[in-house]
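Below are the chains, spelled out letter by letter.
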Amino acid sequence: MSSIISVRTRGHSVTEITPQVENEVAKSGMDKGLVHLFIQHTSASLTIQENADPDVTHDLISWLDQTVPESGPYRHTAEGPDDMPAHIKSMITNTSLIIPFANGQLLTGTWQGIFVLEHRRADHQRRIVVTLMNEA
Amino acid sequence: MSSIISVRTRGHSVTEITPQVENEVAKSGMDKGLVHLFIQHTSASLTIQENADPDVTHDLISWLDQTVPESGPYRHTAEGPDDMPAHIKSMITNTSLIIPFANGQLLTGTWQGIFVLEHRRADHQRRIVVTLMNEA
Amino acid sequence: MSSIISVRTRGHSVTEITPQVENEVAKSGMDKGLVHLFIQHTSASLTIQENADPDVTHDLISWLDQTVPESGPYRHTAEGPDDMPAHIKSMITNTSLIIPFANGQLLTGTWQGIFVLEHRRADHQRRIVVTLMNEA
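Chains as they are written, first to last, in our numbering: chain G, -18 to 117; chain E, -18 to 117; chain B, -18 to 117.
Please keep in mind that the hints were generated in silico from the structure rather than gathered at the bench. Backbone N, C-alpha and C fix where the C-beta goes; we use that ideal spot for every residue, glycine too. A couple of the hints might just be wrong.
As the list claims (entries may be wrong) - Looking from chain B toward chain E, a few residues come up when the C-beta cut is under 8 Å (computed): (1) -17; (2) 13; (3) 17; (4) 22; (5) 52; (6) 55; (7) 65; (8) 73; (9) 76; (10) 112.
Extracted from the complex, chain G is given alone in its bound form:
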């Protein structure tokens, strides 16, 4: 079973999508397996991180900004100074994630949430392909 989650991101920020992923698992009626997420973009990405303290995602973004500066220098600059850093930030985080579930519930740890990282300055509509796999 596969479907698309469409996420409205805020520029240069994170959006938690744990509830949407839980909902995809619940509506499948499947008991045990893996859920795969694939973001169809190269300037936004996915990560699993602590969702208890919002300072954590703030600090993740600050570190990415510091480590992948807009100053470059880069050759690929036609789409703006935030574009090439967005590709690099996507490369070192994740284009796809896989999470196990059982009894229709994600087997994430107590503090783990699923996030879309929007690396561009502008808000975007981002598409994530969700695929469910039965356990063997």
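We have chain G already, so just place chains E and B on it with the hints.
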């Protein structure tokens, strides 16, 4: 088929878990497929790396320390100076891994081992969900 | 179904393998599912990135060189100054990728291509295990 591997890590170090993963595949009796590992934490992570020379994992950790310094500055500091760097190091390595197997053997390359990276200074008990999938 | 793609890489460069992956999906005759790629090496890796402008992959490589310098210092130097940086670059990119497909076509976004990143200076023959999984 899914199960939990519980790993006692040493602080700020790596622990190879290749034998435990091989054992999960062997005891399943499955011939061909994929084994998925998912660590239920955001301050420890997974990687596949050379397991022949222990200097390799030493240098991996040194580079992570240098690139993700404890000095930050970070907002999320309540759990100690090693906590926020641990989240960032987890983000740029892996929360999950998938490895193919055939004839009940992992299809890893000659030098590839599976490691838990403990990013906190203290030893921890870390939980990894193992899920096996049959090949199509 | 699983098979091996063998890729001749150019040293310190990227090689796009999207057509080879599309071909594996097409020849399987499968309609919907996931394709898993696993590179059997720890000094070359995989990424999904923009394939429209070749400056993007040029800038990805430049950033990796700057962020993971050959000067180290490293302990693991026996295989040359480009070896330990190659392991680190592999760790922060991907040893494996999973991509969904439907109607026999990859569900990648408009600009997404699949690349092998060769982190060593010399050309290499690299092996990638391809496994296809049916959707639930």
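Hints versus structure:
1. Interface restraint check: residue -17(B) against chain E, minimum CB-CB distance 6 Å, threshold 8 Å, status holds.
2. Hint status for residue 13(B) relative to chain E: violated, with the closest Cβ pair at about 10 Å, above 8 Å.
3. Nearest Cβ of chain E to the Cβ of residue 17(B): about 6 Å, under the 8 Å cut. The hint holds.
4. Because the smallest distance between the Cβ of residue 22(B) and any Cβ of chain E comes to about 6 Å, under 8 Å, the interface hint for this residue holds.
5. Against a cut-off of 8 Å between C-beta atoms, the interface hint on residue 52(B) is violated, since the closest Cβ of chain E lies about 12 Å away.
6. Given the 8 Å rule on beta carbons, the hint for residue 55(B) holds: about 5 Å separates it from the nearest Cβ of chain E.
7. A hinted interface residue such as residue 65(B) counts as satisfied when its beta carbon comes closer than 8 Å to some beta carbon of chain E; here the least separation is about 5 Å, so the hint holds.
8. At about 5 Å, the closest approach between the beta carbon of residue 73(B) and any beta carbon in chain E falls short of 8 Å, and the interface hint on this residue holds.
9. At about 5 Å, the closest approach between the beta carbon of residue 76(B) and any beta carbon in chain E falls short of 8 Å, and the interface hint on this residue holds.
10. Using the Cβ-Cβ criterion of 8 Å, the hint placing residue 112(B) at the interface with chain E is satisfied: the shortest such distance is roughly 5 Å.
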